[in-house]
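Read left to right, the sequence shown gives residues 1 to 596 (full-length UniProt numbering).
Derived by calculation from the structure, the hints in this document are not laboratory data. Computed from a prediction, not measured in an experiment: that's the story for all the values here. Built from N, CA and C at the ideal position, the CB exists for glycine as well. Since no wrong hints were added, every one of them can be taken at face value.
Label-pair ranges, simulated between beta-carbon atoms:
id: 1; residue 1: Leu402; residue 2: Pro164; range: 30 to 38 Å
id: 2; residue 1: Gly302; residue 2: Leu63; range: 22 to 30 Å
id: 3; residue 1: Arg42; residue 2: Gln15; range: 18 to 26 Å
id: 4; residue 1: Phe171; residue 2: Arg64; range: 15 to 23 Å
id: 5; residue 1: Glu239; residue 2: Arg119; range: 45 to 53 Å
id: 6; residue 1: Pro413; residue 2: Arg342; range: 14 to 22 Å
id: 7; residue 1: Gln447; residue 2: Val177; range: 58 to 66 Å
id: 8; residue 1: Gly39; residue 2: Val263; range: 36 to 44 Å
Derived pair list, reagent style SDA-like, types lysine to any residue, alpha-carbon separation capped at 20 Å:
id: 9; residue 1: Lys6; residue 2: Ile21
id: 10; residue 1: Lys278; residue 2: His295
id: 11; residue 1: Lys278; residue 2: Ala435
id: 12; residue 1: Lys6; residue 2: Arg51
id: 13; residue 1: Lys278; residue 2: Glu430
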Amino acid sequence: MIGRRKDGVTLAQTQAGLEPIYRRTIDHLLASVPGAIAGPVREYLRRVEFRVQPAAAGGASALRRDLDRPLRILMAVVGIVLFIACANLATLVLSRTAGRQRELTVRLAIGAGRWRLARQLLTESLVLSAAGGLLGLLVARWGGSTILRLGAGEAGIGAVDLAPDLAVLTFTLVVAVTAGVLLALGSVWHLVRTPPQRVLRDAAGGHAAAGLARLFVPIQVALATAVLIGAGLLLQTFENILHGHDGFRREQLVTLSVRPQLVGYDSTRAASYIDLVKTRLEALPGVTSVTRSNHPPGALDGTSLVEAPGFESAAPMLRTAGYHRVGPRVIETWGLTLLRGRDLDPSDDASTRSALVNESFARHFFHGLDVVGRRFAFAGNGDRPHTIVGVVADARDRGPRLPIERVAYTYLPPDEMGFGSFAVRGQGSESALIAAVRRALREADPQVPVVEIQTMDERVQEGLRRERLLAVLGTLFGALALLLVAIGLYGLLAGAVTHRTREIGIRLALGGDRRNVLLLFLRQGLSLVGLGLVAGLGVGTLLGRFIRGELYGVTPTDPVTFVAAACVLVVTSAAACLVPAVRASRTDPMSALRDE
Numbered sequence: 001m002i003g004r005r006k007d008g009v010t011l012a013q014t015q016a017g018l019e020p021i022y023r024r025t026i027d028h029l030l031a032s033v034p035g036a037i038a039g040p041v042r043e044y045l046r047r048v049e050f051r052v053q054p055a056a057a058g059g060a061s062a063l064r065r066d067l068d069r070p071l072r073i074l075m076a077v078v079g080i081v082l083f084i085a086c087a088n089l090a091t092l093v094l095s096r097t098a099g100r101q102r103e104l105t106v107r108l109a110i111g112a113g114r115w116r117l118a119r120q121l122l123t124e125s126l127v128l129s130a131a132g133g134l135l136g137l138l139v140a141r142w143g144g145s146t147i148l149r150l151g152a153g154e155a156g157i158g159a160v161d162l163a164p165d166l167a168v169l170t171f172t173l174v175v176a177v178t179a180g181v182l183l184a185l186g187s188v189w190h191l192v193r194t195p196p197q198r199v200l201r202d203a204a205g206g207h208a209a210a211g212l213a214r215l216f217v218p219i220q221v222a223l224a225t226a227v228l229i230g231a232g233l234l235l236q237t238f239e240n241i242l243h244g245h246d247g248f249r250r251e252q253l254v255t256l257s258v259r260p261q262l263v264g265y266d267s268t269r270a271a272s273y274i275d276l277v278k279t280r281l282e283a284l285p286g287v288t289s290v291t292r293s294n295h296p297p298g299a300l301d302g303t304s305l306v307e308a309p310g311f312e313s314a315a316p317m318l319r320t321a322g323y324h325r326v327g328p329r330v331i332e333t334w335g336l337t338l339l340r341g342r343d344l345d346p347s348d349d350a351s352t353r354s355a356l357v358n359e360s361f362a363r364h365f366f367h368g369l370d371v372v373g374r375r376f377a378f379a380g381n382g383d384r385p386h387t388i389v390g391v392v393a394d395a396r397d398r399g400p401r402l403p404i405e406r407v408a409y410t411y412l413p414p415d416e417m418g419f420g421s422f423a424v425r426g427q428g429s430e431s432a433l434i435a436a437v438r439r440a441l442r443e444a445d446p447q448v449p450v451v452e453i454q455t456m457d458e459r460v461q462e463g464l465r466r467e468r469l470l471a472v473l474g475t476l477f478g479a480l481a482l483l484l485v486a487i488g489l490y491g492l493l494a495g496a497v498t499h500r501t502r503e504i505g506i507r508l509a510l511g512g513d514r515r516n517v518l519l520l521f522l523r524q525g526l527s528l529v530g531l532g533l534v535a536g537l538g539v540g541t542l543l544g545r546f547i548r549g550e551l552y553g554v555t556p557t558d559p560v561t562f563v564a565a566a567c568v569l570v571v572t573s574a575a576a577c578l579v580p581a582v583r584a585s586r587t588d589p590m591s592a593l594r595d596e
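All chains, please: the whole structure from these sequences, using the hints.
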């Protein structure tokens, strides 16, 4: 419920004033609950908290509850990628420092102070990070909504203001300054700590800076490997849910919901309207079957206690089952698989009390699938049992991510449909089918609200916004981390080639093989990648366990994902190392020695 507080009333006062009303309401509810289920209901409500939260902080938003944990995971990944970027830039800055040893030596020799040079290096890093922060704000301003919609679809995102505000600007400023300081620390530390005589020896100082730069590469590789593993696990989860078998035949199935009560229909008029809509939908060209239900397929919402032979004294958890209320031809229309008996048909009505059950229900309550003709009842319905007319294969009635459970499909009369749903199965184009369904509904009564008219595939994808968000943005950050590693490796080896030009020239002038020079730099880069890869597999294992709750159909240590991430990283790293290594192998000895 949503309410507005009076001026001067705090949240705590609101909580204190409303909670006694809530408790009295619960006591009144329990007094009207049938005795057979009063115990479990009381036990459940005892665990329910009454909590007042500010709506401005998302307290009333299902979107926030749905995306809270995925966004926290993605924020952690963003932090990892930012660290990789800082390590990457630190590597490049250190490599550049190694190449500037002659300049720094000359400046020190003519009287420049170390701290003055350190301030220059820090200023250069801050300018670089500030430019990156500004570019990030521009991307967030014009591309943030596009990226988020790419990940989460349209469901609910349009209501969120994604324009950067003062808090975002402040956070970006702090991150940019911190990143600038961090990426300059290595160069400043090297400059301040190295004795003057070593700084004046160009080669020694250069090798020290380059050695410090090489320290960052395994760290980048390890973190990038972990991000790639996490992205692979989340992408595989999304694919498993999206394309996995949920017990329904999704293709060429359209679902919709109608709300005749919202325009003043009573139960009698609503029943006539429901029959009219069903008749018009069945008459559409290309439509093969139509059924009604209280909820669309895969959106089961009800649970009750079952009264069945042998379960009279069983614990409540052993007597629970979900229930759908459905109309005739539900098996044909929803695409369920019939195992025994028959589908509900037009000859069934409220008096026959016909029902379908899934195989989990049949095995649990009747110890087998041969249950056609057997009877059961839901607690609270008195002496009105249901007769089982068919058994269907298990389906994921509460959505593709939740586990299969015991479910009964009971007959739904038109006058009890309320805010009900239709499912329409047809042939040919799904878009043409949706257009024809819209026309039929307008002809029945254009004033009745029609909501959620969509294909079954669209319904499933809409329910996977958190999985899509994690998969798409996780993959995006994984690709970004991979690109950063490649740039870092290229920059490190390119700097090493520049710094060792004289050495390469001497090797080649003395008859060295150009292939050996190529392999020398490839080994240098790939050995660092190997160290980082081993560490990254361990970090990836920890990350997989951290996101275990978001995975489906894949283990946190899935070997295929780990091997794929390792292969992608090795191939990319080898390509990044190959370019400067080839350039080194093509060095002209005479030009290299003449430059020196």
